[in-house]
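Asks: Given these sequences and hints, build the entire structure.
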Amino acid sequence: MRPPSPSIPEREFLFTALKQSLRLDGRSPLEMRTPSLIFGPEFGWVECSLGKTRVIASVDGKMVKPPPERPFEGIITIQSEISPMASSEYEVGRTSDEEVTLTRILDKILRRSDVVDKESLCILAGQRVWQLRLTIHCLADAGNLLDCACLAGIVALKHFRRPEVEVIGDEVTVHAATERAPLPLSLHHTPFCLTFALFPESTSSTSSTSTPVIITILDPSLLEYRLATGFLHVAMNAQRELCVVQKAGGVPLALDQLLPLIKDVAVTKVRELDAFVESRMKDDWEGRRKLVEVS
Amino acid sequence: MITFTSFPAQLDDYDYGATRHPPEVEDDIRMDMDEDDLDTAGSRLTCPGDYITSSQAFMRGHGTYVENEEVLASVAGTVERVNKLVTVRAIRTRYNPEVGDLVVGRITEVQPRRWKVDANSRQDAVLMLSSVNLPGGVQRRKLESDELHMRNFFEEGDLLVAEVQAFFSDGAMSLHTRSLKYGKLRNGQLVSIPPILVRRLKSHFLVLPCGVDLILGLNGYIWVSKHVKESEQEGEEGFDAEAVYSNQNDDIDDATRAAISRVSNIISILAGHFVPLTDTVLLEAYEWVLDQDIAVKDLIQEDVGDALVTAVVGVQE
Amino acid sequence: MASRIEILNEGGYRSDGRRQYELRSITIDLTPQGTADGSALITHGLTQVLVSVFGPREAKMRRETLHDRANVNVEVGVAPFSTGERRRRGRGDKRILEFASTIKSTFEPVIQTTLYPRSQIDIYIQILQQDGSVLPACINGTTLALITAGVPLLDFICCISGGVHSTHPLLDLTTLEENDVPSVSVGVMPKTGRVVLVSLETRLHVDRFEEVCRVAWEAGKVLHGEMRKAVRERTGGLVDAMGGVAGAGGAGRGGPGEGDGDERMVDY
Numbered sequence: 001m002r003p004p005s006p007s008i009p010e011r012e013f014l015f016t017a018l019k020q021s022l023r024l025d026g027r028s029p030l031e032m033r034t035p036s037l038i039f040g041p042e043f044g045w046v047e048c049s050l051g052k053t054r055v056i057a058s059v060d061g062k063m064v065k066p067p068p069e070r071p072f073e074g075i076i077t078i079q080s081e082i083s084p085m086a087s088s089e090y091e092v093g094r095t096s097d098e099e100v101t102l103t104r105i106l107d108k109i110l111r112r113s114d115v116v117d118k119e120s121l122c123i124l125a126g127q128r129v130w131q132l133r134l135t136i137h138c139l140a141d142a143g144n145l146l147d148c149a150c151l152a153g154i155v156a157l158k159h160f161r162r163p164e165v166e167v168i169g170d171e172v173t174v175h176a177a178t179e180r181a182p183l184p185l186s187l188h189h190t191p192f193c194l195t196f197a198l199f200p201e202s203t204s205s206t207s208s209t210s211t212p213v214i215i216t217i218l219d220p221s222l223l224e225y226r227l228a229t230g231f232l233h234v235a236m237n238a239q240r241e242l243c244v245v246q247k248a249g250g251v252p253l254a255l256d257q258l259l260p261l262i263k264d265v266a267v268t269k270v271r272e273l274d275a276f277v278e279s280r281m282k283d284d285w286e287g288r289r290k291l292v293e294v295s
Numbered sequence: 001m002i003t004f005t006s007f008p009a010q011l012d013d014y015d016y017g018a019t020r021h022p023p024e025v026e027d028d029i030r031m032d033m034d035e036d037d038l039d040t041a042g043s044r045l046t047c048p049g050d051y052i053t054s055s056q057a058f059m060r061g062h063g064t065y066v067e068n069e070e071v072l073a074s075v076a077g078t079v080e081r082v083n084k085l086v087t088v089r090a091i092r093t094r095y096n097p098e099v100g101d102l103v104v105g106r107i108t109e110v111q112p113r114r115w116k117v118d119a120n121s122r123q124d125a126v127l128m129l130s131s132v133n134l135p136g137g138v139q140r141r142k143l144e145s146d147e148l149h150m151r152n153f154f155e156e157g158d159l160l161v162a163e164v165q166a167f168f169s170d171g172a173m174s175l176h177t178r179s180l181k182y183g184k185l186r187n188g189q190l191v192s193i194p195p196i197l198v199r200r201l202k203s204h205f206l207v208l209p210c211g212v213d214l215i216l217g218l219n220g221y222i223w224v225s226k227h228v229k230e231s232e233q234e235g236e237e238g239f240d241a242e243a244v245y246s247n248q249n250d251d252i253d254d255a256t257r258a259a260i261s262r263v264s265n266i267i268s269i270l271a272g273h274f275v276p277l278t279d280t281v282l283l284e285a286y287e288w289v290l291d292q293d294i295a296v297k298d299l300i301q302e303d304v305g306d307a308l309v310t311a312v313v314g315v316q317e
Numbered sequence: 001m002a003s004r005i006e007i008l009n010e011g012g013y014r015s016d017g018r019r020q021y022e023l024r025s026i027t028i029d030l031t032p033q034g035t036a037d038g039s040a041l042i043t044h045g046l047t048q049v050l051v052s053v054f055g056p057r058e059a060k061m062r063r064e065t066l067h068d069r070a071n072v073n074v075e076v077g078v079a080p081f082s083t084g085e086r087r088r089r090g091r092g093d094k095r096i097l098e099f100a101s102t103i104k105s106t107f108e109p110v111i112q113t114t115l116y117p118r119s120q121i122d123i124y125i126q127i128l129q130q131d132g133s134v135l136p137a138c139i140n141g142t143t144l145a146l147i148t149a150g151v152p153l154l155d156f157i158c159c160i161s162g163g164v165h166s167t168h169p170l171l172d173l174t175t176l177e178e179n180d181v182p183s184v185s186v187g188v189m190p191k192t193g194r195v196v197l198v199s200l201e202t203r204l205h206v207d208r209f210e211e212v213c214r215v216a217w218e219a220g221k222v223l224h225g226e227m228r229k230a231v232r233e234r235t236g237g238l239v240d241a242m243g244g245v246a247g248a249g250g251a252g253r254g255g256p257g258e259g260d261g262d263e264r265m266v267d268y
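Chains as they are written, first to last, in full-length UniProt numbering: chain A, 1 to 295; chain B, 1 to 317; chain C, 1 to 268.
Because the hints were derived from the structure by calculation, they are not lab data.
Careful: at least some of the hints might be erroneous.
Using 25 Å as the maximum straight-line C-alpha spacing, the simulated SDA-like pairs for lysine to any residue come out as follows [unchecked claim]:
#, chain 1, residue 1, chain 2, residue 2
1, C, K94, A, R111
2, C, K94, A, K269
3, C, K104, C, E85
4, A, K269, C, R214
5, C, K104, A, Y225
6, A, K158, C, H205
7, A, K62, A, D170
Replies: Next up, the structure:
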């Protein structure tokens, strides 16, 4: 069954509010909900939330034999599934469009844009490599699941520590965390994903000339997500490198409406996010060090 | 390394190829569109998004839309103008029904008190139980038992000829068969052609001299069948339920069968060459085929088809 | 992975001998395939895609009908022999599903779906050969197939891929180039110049991105000229075929002559 779309009064209310640059939760159009990150006791376990949207990401690693065609590279797998737990809109067993988008974009951002240095995951060429498994678990969907999942995923990768391994000849020794300090993964860069929801200004009498105005909002809430007529997903890192830009259909935009969103808005937002994540990681690390000292 | 080169086959006349260097080629998109006069509209071709005229002076019809006070085309076809109304007629599209049109359709579903009929339109047409003639006289009242026996009249897969009666609010058409000319079809075969090739004629029931009846549905479905004598067909009083809703074909002799196939093939050929179908064209084509003494199965060969079309269309001009 | 192939040599030529901004040759074939309402076979160099459009027609799945507009259904098939290494992709492959959903949402705002409530428009895409720019080929093919099926569109969508080799933008990438340089696909509506589709899947600096976007956007308009020419040729051809009989003689025959014909036939 198709989920019932939002009622007409709700829609009208939202549209009129948006026309005056107001959003129902009081944010300004290009303002994100403040993300929150909670780290678990283990490395590589993160709970990330954007408002009421919550996602858990966890990374674990094990040693496997690499496939013969890539003997020098580690393996990364990403598991993401939207269960009916996140929202009643999702069904078991049937892959929804949202799930396809989520899986594919996560794959592009976290795997294909070379976040993790795969060659550093090689232990013994052709014999042993690390296989990292990133599991993304969506707990609640209150809009913009993708950004939240992506943030959780990248922070989990940054947070993860793998045990140190020593290779002598063909002998592989794994050192426990109590013996030697576990090592962080070597990451090339940290991309963040931003989702813009697009709303066309209703083509009334005002749009007699020039291109119709498009209202753009960042980080849509669930209602906004369901009413939007198009999305722009941008993933980039703090070094101003784009990893994914995806505007798959939806309302057509002029190039001059599109590029500023990426060039200006996304760049600043990603810097802010990057700084935020770094500071939270530092705090967490500080907390852990104290624990170690006490024990 | 092995290198492959492909030699794409020249498939037909529309095939064409070109290479361009974007920055060096100037924009020639609007080349011949600017000051075209609407009065020469007969041959004016459009593509989606083409500018037709200003919306202040004209009204937009089918196949157009208005943006920024300009009337733009939304389909590829020819511009037609009636007074202030500008429409674009798509060159190839599904059937667009109008009230009073004669259509040939196929039952796809039996629903409570209605049948769904595929009539090559954008939605299935509806044939209400109350819009068909039931056995036992034209004026007979509908009974509840009729609802239970709907499959005795028409069942899934049956072909019928009907007239467009009205439209529902969502644009689906409602059909009726309340005439002795309409009803279930048998004794023949169906040919499907683009609807634009069926012109509105005085009568869409043609009787060809070769003992073949034709029903030209405006939806592009054409029924080619054995000729039934008028005396057997008509008769207000002796409305024969058995005959009207019968699923049994009559005996058809070999000559008639060949004639039916020949006519069907001729229709397919003409449609393949995009020649509009009229009784005169069909007759000429049929005579030409007999003159040339072409076997039925040879008709569908390409060279024969080409020769036929040149012969027939040439005669026309 | 660094490759030994020179993407752009010092003379300014690419590995297949094209210039930086040169597109591969395009062929368009709009002959109807089978019972489809409209179909298009488009090739960009060695990439070949066949698109067939059915509809608007009665929706097969009742629960998918929309009461106020037509439902657009896209299905993509990839021929196992379309790539160098023969490989079969199932229907559930996420990459293909994403492909289909991208094409669906690209065309939904451009097709005038509100004219056909409760109907369904089926778009079936078969990828026959892949040599880069597969998504653009699919989009362009779908545009043409929809036009030949007489489905009302607001405008063409012309899509082209672009890439950047160090700082030089390239257009219309082959597989070889796609593996080596970041690629961007841009789908343009040429009338308004607005962009429906932008898709980048590899790392690229923002400034480079802007540059290649603008070049691809320009190229989209050139492509429009080509596609438009093909459509006009076909429309013209069909109109001529009909005109040969109907346009010239139609008016004269519509009247009494036809009646005579009828009577004569009945006499037999």
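Asks: Take the hints in turn and mark each one as holding or not.
Replies: For each hint, the structure was consulted:
1. C:K94 with A:R111: holds (15 Å)
2. C:K94 with A:K269: violated (30 Å)
3. C:K104 with C:E85: violated (28 Å)
4. A:K269 with C:R214: Given pair A:K269, C:R214 holds - Cα atoms ~24 Å apart, limit 25 Å.
5. C:K104 with A:Y225: Given pair C:K104, A:Y225 holds - Cα atoms ~18 Å apart, limit 25 Å.
6. A:K158 with C:H205: Roughly 22 Å separates the two Cα atoms, so the pair holds.
7. A:K62 with A:D170: holds (18 Å)
Consistency note: the structure conflicts with the earlier hints numbered 2 and 3.
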